[in-house]
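Model the full assembly from the supplied sequences, consistent with the hints where possible.
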Amino acid sequence: MIEVENLTKRYGNILAVDRVSFRVDSGEIVGFLGPNGAGKTTIMRILTGFIPPTGGRAILSGFDIMEKPLEVKRRIGYLPEHPPIYNDMLVSPYLEFVSQLKEVEAKERTREVRRVMDLCGLTEVENRLIGNLSRGYRQRVGLAQALLGDPEILVLDEPTIGLDPRQIIEIRELIKNLRSEHTIILSSHILPEVEMLCGRVIIIHEGKIVAEDRPEHLQSTLKSSDRLFVQVGRAGPEVPESIRRIPGVISVFTEEKIPGGYLIDLERDEQKVREEVARVIVAGGFGLLELKPIRMSLEEVFVRLTTVESGSPEEGGKFS
Amino acid sequence: MKKIQALVIKELGSYFISPVAYVIIFIFLAVAGFLFFQILSYFNVQSIQMMRYPGLLDRLNLNDMVLFPFFHNVVVFFTFLIPVLTMRLLSEEKKLGTGELLFTSPITTTEVVLGKFFSAALLILVMLLFSFVYPLVILIFGNPDAGPILTAYLGLFLLGCAAAGLGLLTSSLTENQIIAVISAWGILILLLIIGWAAQSVGPTFGAVLQHLSFMEHFQSFSKGIIELKGVVYYLSFIFFTLFLTQRVLDSQSWR
Ligand SMILES: Nc1ncnc2c1ncn2[C@@H]1O[C@H](COP(=O)(O)OP(=O)(O)O)[C@@H](O)[C@H]1O
Ligand SMILES: [Mg+2]
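First to last, the protein sequences are chains E and D. Each step along the first sequence adds one to the number in the numbering used here, with nothing skipped, and position 43 is 43. Each step along the second sequence adds one to the number in the numbering used here, with nothing skipped, and position 53 is 53.
It should be emphasised that the hints constitute simulated quantities derived from the structure, not laboratory data. Backbone N, C-alpha and C fix where the C-beta goes; we use that ideal spot for every residue, glycine too. The reader is advised that the hints may include incorrect statements.
For the chain D half of the interface with chain E, some residues (derived, Cβ under 7 angstroms), not all of them [as the list claims (entries may be wrong)]:
1) Ser18
2) Pro19
3) Ser47
4) Lys94
5) Gly97
6) Thr98
7) Leu101
Next up, the structure:
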């Protein structure tokens, strides 16, 4: 279990983390979501005892990270943003070394190293130099290292960053299989990933928590407007004009990819408005082909909450 | 203690997987060997000359004429090689981000410093053991006094460990190995010229400087005397540098 209260971290005059409080129950898997520079790594570094906070408290498995750092460290497996691997070591001696640091009993060490290598699919590279491994394998070595000693809490900082799509799927599968046995915090700036893996999402922006909920709730409760997609047989400028006149409609966009397709932003997804849209299109003789509500993806919730200015997130369809 | 041992084994592994250890040991042996045979051939020339003056033959002493100059010359080169051994020990942890594993594992910064230090100390021991072939030549073919050889080696080891402590400290202060090694050299040069300066300033201040000088304390070791103040000097130098290193690692500026 993790309890965080008013955690603050200041770098000079940069406020990297600003009075963050949250709680993660045993067996829960929580995702930190936020753009680069939001403060995800900083929070994780504080939780793992790598850097001290400027203010606030963090209690992990009942131990305060400031008062009993070693007790906390005994119970945490941590995969930093850059996997902490020594390029001049072979995979299995590296894991042996980490298992010694993690206080794995001498007689169980070989078995434990084997267990994490099996789990992370490293057996075929166990005698390879880490420096010669592909990015994907290096990430797996980093993950394997975090799993040594079967820690109660796992902290994974952007576990899929920099991997190719196939490797991303592999790592995600791996994390999925770890659910329920560990309390997991993972960070990501990729929404579908968090949506897929986490039971709860904490959205962080400029060092603050801006939203916190189950992924499906975030979608349903946080949407401030809803969308409809319509496709008509006979498109023309009068189509959006007449739809725009319906009360409850905020705006209408042409969906360029689909001929005769329009996206309609509504104040609220009300059946009344939907019916009215259908009626107007039929009455106008535009030839209604399709009308369906579009649930806002977490990605859009996220954009709305944080208004990230630069570029679109790396992957994921726009509409789910 | 087990974790210190794990660190030592890991570091020694890294030394010998990469060419660093071999290159350094090879260079050290090559330079020591060159000095040794230079001194030995000079000794040969001298002894042939002295044959003509039988009265001087009792001054023809292997300890004074070969071993003492050998250690006297080799110690400077040896000292400057040590920071090359230690330069990556901590700076690399910072640069590669592996420190993030080390300092989130249940290991104290003191254990980290000791593990790194002992691995350097063991490597120094290996270097010195290899270099023992040269005095061995004298021991086999002549009959010098073995005492000064052993005390000289004790002195070399203590001095080497002190230089390693200093190297570890500079390595903890930067993520750049080159900066780490050059700043260690800078401090060593300072500690060296302090001894020279001691001769030109007044007697009291001179004595103080003399005491601070890094090489000064080695002199008595190479003459076969184990002086308490020399042992204390090197041990406290080691303790002080390791203590500072631990403080640096503990401070948040390192992270
Ligand atoms: N060591 C540091 N020194 C100064 N500023 C830092 C340091 N580490 C992070 N920051 C700043 O803190 C903020 C949060 O960074 P970070 O926690 O890495 O964000 P994220 O992981 O969400 O991308 C950023 O503005 C970053 O520039
Ligand atoms: Mg980050």
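Structure-based check of all given hints:
For the restraint placing D:Ser18 at the interface with chain E, the shortest Cβ-Cβ distance is roughly 6 angstroms, inside the 7 angstroms limit, so the hint holds. A distance limit of 7 angstroms between C-beta atoms decides the matter here; for D:Pro19 the minimum to chain E is near 11 angstroms, and the interface restraint is violated. Checking D:Ser47 against chain E by beta carbon gives a least distance of about 49 angstroms; that is not within 7 angstroms, so the hint is violated. Interface hint status for D:Lys94: violated, as the beta-carbon distance to the closest one in chain E is roughly 11 angstroms, over 7 angstroms.
Taking 7 angstroms as the C-beta cut-off, the interface hint given for D:Gly97 holds, the closest approach to chain E being about 4 angstroms. Hint on D:Thr98 holds. Least Cβ distance to chain E is approximately 4 angstroms, under the 7 angstroms limit. At its closest, the beta carbon of D:Leu101 sits 3 angstroms from a beta carbon of chain E; the interface hint therefore holds under the 7 angstroms criterion.
Consistency note: the structure conflicts with the earlier hints numbered 2, 3 and 4.
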